[in-house]
Amino acid sequence: MVRKVLVANRGEIACRVMRTLRELGIASVAVYHVTDRHAPHVALADERIELRHAVPVSAYLDAGQLLAACTATGADALHPGYGFLSESAGFAEACARAGVVFIGPSPEAMRLVGDKLSARALAARVGAPVSPAVTIEDDGRSAAALGFPLLIKAAAGGGGKGMRIVRGPGELAAQVALARSEAERYFGDPRVYAEPLIERPRHLEVQVLGDGRGGAIALGTRDCSIQRRHQKLIEEAPAQGVPAGLVDAALAIARAARYGNAGTVEFVVAPDGRYQFLEVNARLQVEHPVTERVTGWDLVAAQLAIAAGEPLPAPPAIHGCAIECRICAEEPEHAFRPATGRIGVLRLPAGDGVRVDSGVREGQEVTAAYDSLLLKLVVHGASRPEALERMQRALAELVVLGVATNADYLARLIASAPFQRGDVHTQLIAEHPLPAAPPPPALGAAVEIAAALADPEVRRAAFAIPEPYASIGGFRN
Amino acid sequence: MVRKVLVANRGEIACRVMRTLRELGIASVAVYHVTDRHAPHVALADERIELRHAVPVSAYLDAGQLLAACTATGADALHPGYGFLSESAGFAEACARAGVVFIGPSPEAMRLVGDKLSARALAARVGAPVSPAVTIEDDGRSAAALGFPLLIKAAAGGGGKGMRIVRGPGELAAQVALARSEAERYFGDPRVYAEPLIERPRHLEVQVLGDGRGGAIALGTRDCSIQRRHQKLIEEAPAQGVPAGLVDAALAIARAARYGNAGTVEFVVAPDGRYQFLEVNARLQVEHPVTERVTGWDLVAAQLAIAAGEPLPAPPAIHGCAIECRICAEEPEHAFRPATGRIGVLRLPAGDGVRVDSGVREGQEVTAAYDSLLLKLVVHGASRPEALERMQRALAELVVLGVATNADYLARLIASAPFQRGDVHTQLIAEHPLPAAPPPPALGAAVEIAAALADPEVRRAAFAIPEPYASIGGFRN
Amino acid sequence: MTAAIVGRNPLRFRVDDREYTVAELAAPDGEFALVIDGVRVTGHRHDAGDRVFVRIAGRTFVVPRAGRAAGAAGAASRGELRAEMPGRVVRHHARPGQRVAAGDPLVTVESMKLQLVIAADRDAIVAALPVAEHATFDRGDVLASLEDDA
Amino acid sequence: MTAAIVGRNPLRFRVDDREYTVAELAAPDGEFALVIDGVRVTGHRHDAGDRVFVRIAGRTFVVPRAGRAAGAAGAASRGELRAEMPGRVVRHHARPGQRVAAGDPLVTVESMKLQLVIAADRDAIVAALPVAEHATFDRGDVLASLEDDA
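Chains as they are written, first to last, in numbering that gives the first Met the number 0: chain A, 0 to 476; chain B, 0 to 476; chain C, 0 to 149; chain D, 0 to 149.
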């Protein structure tokens with residue numbers, strides 16, 4: 000077993016990993032860019048090392064500084080979290096060369112599943128349904144045989160980047176050129192391929208644990224169909240209406256890849272129930288807590304056990320329903336563009352069945368330097384309706400002021416009839432903008448009056464008391 | 000089903016009840032004394048009514064004002080929480096007369112189990128083991144036949160009040176007189192009885208739900224042996240080493256009492272495994288969350304369903320282990336005397352498997368006017384060792400500054416060998432004071448230096464900067 | 000839609016041509032509690048400078064504050080920018096009669112060793128800058144008065 | 000065991016006959032971050048007036064602060080109580096030469112329209128009350144000086 004783990008990440012996932020490390024009696028090392036010096040993950044760790052870089056996000060991508068930090072602190076393992084270097088086979092190799100255990104799959108398995116074309120080939124070999132795809136080596140005309148609409152994807156891609164929808168032959172060449180240039184820019188690899196577009200699909204995925212020697216177990220399914228800008232916003236476990244054979248297909252892929260550690264096999268499910276392999280995510284996912292809540296398992300602890308060579312346990316039973324909402328600094332009414340500001344008031348929900356994985360604190364500045372994810376609300380209930388009520392309660396209790404968030408939008412979305420029915424697909428948000436209703440006059444006036452009374456000058460005019468004494472320390476009275 | 004519930008309580012239990020009400024779409028009404036006007040339960044409710052009384056705690060005991068508040072707000076039901084009027088048969092009757100549903104057992108069942116002598120008789124009638132007791136009507140010599148040591152208890156008692164230990168015949172008469180006068184003072188009823196004292200017993204209890212018509216189910220057991228001043232401090236579910244027949248005895252008692260709603264049947268278990276009926280608590284207990292965590296059930300929702308006349312569900316399965324720590328404003332090093340102060344810094348633990356039921360907020364004044372319970376930490380793990388590690392992590396993350404608490408003491412207690420082994424009994428705390436080790440010199444010096452630098456004058460001497468600007472707003476830099 | 004004070008004792012605001020009687024109750028940091036026309040309204044609030052975040056009834060509203068003066072002064076009545084603490088005028092940035100836009104600097108002042116810029120809270124014409132450069136002023140003194148550009 | 004400043008640049012404290020070099024890092028509200036003899040020490044801290052709560056390494060310590068002066072002044076050097084903001088002396092509660100106990104009121108001052116009582120921070124004899132009743136003072140002015148009762 001490892002004794003000290005450097006967590007090569009920030010925000011909520013770094014905090015979440017460190018909490019398990021503490022429970023297991025393993026020391027934790029935080030890394031941070033100076034802009035994150037007051038961030039919760041730095042306070043939560045046993046030790047901390049500053050990463051220096053002019054660009055904040057680049058600090059967390061600097062393999063050399065991360066490995067030097069392992070050496071400096073004597074960390075014998077590294078947890079990559081998600082994003083950043085979590086799916087870099089080269090970095091996993093560098094860790095191995097430095098004698099640091101990389102908590103994740105082997106570089107070989109990462110490479111195999113990380114390339115979409117080789118992953119598709121693997122899936123097809125074990126009999127998992129894959130889309131009829133065409134690797135595009137010309138200006139796109141080779142893909143036209145698939146018919147329209149088409150989806151063009153980057154071979155090295157993921158996370159929706161480099162993805163283009165082509166609705167007719169006229170736009171094919173232009174979109175292929177755009178997809179190639181995005182793929183080159185994001186992944187350093189211009190290869191693209193085309194497949195038929197499935198309209199209104201669901202996004203289902205299987206959480207797997209592999210032992211790296213051909214063994215794998217499934218920890219149930221997740222429905223992650225609620226997306227905006229190709230990124231997940233709400234996830235739930237277990238998924239409803241899982242097509243027969245889907246979980247077995249995921250296991251066959253994980254086993255054939257000799258996949259080690261925690262991973263996710265993603266599928267697209269058409270409205271008629273047919274499904275296709277999408278990709279493998281070779282890391283802990285943002286949405287892993289919903290699986291933890293319905294299985295009672297700690298996935299980070301499971302990752303550490305696998306990294307220590309322990310055998311896989313028997314697959315867990317699934318209890319109830321869990322839902323996660325990603326609370327992001329963004330403006331749903333402006334195409335979900337990221338928002339910035341200082342978090343002046345932060346009140347987190349509590350109570351039975353509510354888990355909050357937060358990476359922020361009151362007083363923290365939210366900038367464009369990092370991802371917009373602030374925190375995750377995760378609820379668990381005996382049934383989906385109970386979980387939905389609990390999520391609405393949690394969203395109502397949550398207070399984030401000082402930066403715009405998607406919390407109110409998520410409450411409207413969860414209250415909407417399609418979501419309540421479970422009638423979800425990846426285009427739901429795009430098709431249902433769900434603008435906020437204008438406030439009734441009394442509420443609107445209350446908002447204006449409350450806002451006005453936040454102004455020291457208005458307060459002076461209203462109450463004629465010396466404001467410094469009225470607002471410093473404790474409660475106003 | 001009820002539409003609006005007045006929660007006749009304060010602190011964490013009022014918040015906890017209101018959260019379930021919100022999830023069920025039932026409106027909540029808070030009541031509060033002016034000293035509680037900034038308390039969390041007032042903010043969490045949909046409506047709020049002030050109770051006026053010169054003595055804060057008396058406000059929450061004022062049946063007339065509570066029923067008037069129900070009328071004023073249109074509340075059609077009342078949840079009493081625990082303590083205060085929760086076990087008052089007279090108040091339950093007054094609610095019924097006023098047309099307000101009392102969420103709890105019937106007045107008849109309350110009276111039957113509330114009197115220790117009639118409860119003992121009932122338990123004996125259904126074949127549950129009861130101690131050989133002697134009702135004392137003389138100066139105590141009638142009890143001497145039981146042998147020593149003896150325990151003298153109040154017939155109308157509970158919560159350890161009016162309880163006296165008698166180790167030999169010489170002190171019998173004096174202790175009987177003291178017990179009578181305490182019983183008269185606390186319960187208005189001087190009747191006392193004696194039973195043989197069991198040394199180092201465990202306190203085990205069974206959570207039951209009754210339908211009020213002779214049906215009852217058990218929701219598993221709890222071990223509440225860790226006590227100080229006859230009050231529970233740590234509880235866990237399920238209990239280990241539950242004697243055969245104990246759960247059935249609890250069910251037989253609940254059924255014979257035609258007990259309705261949630262209740263707890265308590266037992267004392269001797270080191271040799273023999274057990275005796277202790278008493279029935281006719282309300283939701285402080286420690287109910289550990290049962291919620293291992294069953295996945297919401298006990299307040301279950302109470303409301305029973306109050307609405309719904310049939311009892313099938314008993315739940317038990318998953319893993321849950322532990323609760325009561326975080327109280329008190330000084331363990333001074334016989335756990337209550338402490339007061341303003342909560343200047345409050346940081347609550349988070350993460351997987353940690354639930355916090357809090358009744359306080361940062362900035363709140365903790366006075367001697369109310370019970371010393373500030374909040375409850377509840378953890379759940381797949382096993383007892385996992386739950387214990389998680390509790391240690393939660394206690395390490397918890398920060399309560401401004402008033403002394405028992406949190407550090409609880410961490411030492413949980414780390415102690417007897418507790419880790421599960422070798423617990425109700426005298427454990429009294430026998431193991433577990434004083435804090437003096438800090439090592441470097442830590443002691445750091446504490447003194449950090450404390451000195453909290454002083455504006457020391458800061459000025461140290462840094463010679465104008466303090467108002469250094470400390471107002473956001474982070475110091 | 001903004002709220003303007005139209006009366007005191009009792010405090011009255013006008014919003015959107017309707018008037019409301021308002022009383023303020025004590026509230027913890029980050030919260031507010033008002034009684035508006037006899038109805039208690041509570042919520043959370045954060046003053047982010049150029050905008051105020053208000054959360055009531057499970058909804059969060061962001062109320063922009065146009066041309067808010069930074070620092071030591073604000074608009075006590077619509078035409079006047081008054082000092083919040085004693086100090087000294089360092090510099091004028093405009094002349095009486097000059098047309099200014101919301102946010103344009105009017106006066107730089109020094110108070111408690113900090114320099115602060117008083118800016119116009121709306122598009123207007125400068126009516127007066129009553130305190131001369133280098134002169135001192137007291138709390139409540141008018142630093143600038145504006146008149147509508149009509 | 001208390002910490003006394005014994006040097007600046009670098010800042011040095013003496014605790015229990017040992018000296019420590021101390022640097023302070025920025026920290027969020029309710030927290031502190033120090034470097035003591037090269038070792039980073041972080042934790043939570045709350046100044047409760049008569050005592051300071053310090054939480055380090057999962058343990059909470061309560062450090063009493065004997066005879067702390069309440070309000071707008073404190074002991075800059077051991078003998079002097081200085082004003083933290085400008086104001087006016089309302090009243091003297093003691094005369095030079097008088098013996099006072101820790102917590103006894105010395106001077107009532109008015110600053111920013113609030114009246115505050117300056118109290119003795121220890122048992123001592125009043126050496127001087129340099130600002131006369133009704134006279135004004137500036138930030139940093141000595142309001143009272145005490146000498147040891149020896």
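Don't read these hints as lab results, they were simulated from the structure. By construction, the Cβ of each residue, glycine as well, lies at the ideal position given by its N, Cα and C atoms. Just to be clear, a hint being listed does not mean it is correct.
[Stated by the list, open to error] Between beta-carbon pairs, the in silico distance windows are:
1) B:P312 with D:G57: 39 to 45 Å
2) B:R420 with A:K160: 41 to 47 Å
3) A:H333 with C:A3: 25 to 31 Å
4) B:Q426 with A:V56: 38 to 44 Å
5) B:H333 with D:G57: 18 to 24 Å
6) B:A435 with D:D147: 55 to 61 Å
[Unchecked claim] Just so you have them, the derived chain A footprint on chain B, three or more residues with Cβ under 8 Å:
7) 9-21
8) 274-281
9) 355-367
10) 403-409
Exercise. Where does the structure disagree with the numbered hints, that is, which hint numbers, in rising order?
Worked result: 2, 4, 6, 8, 10
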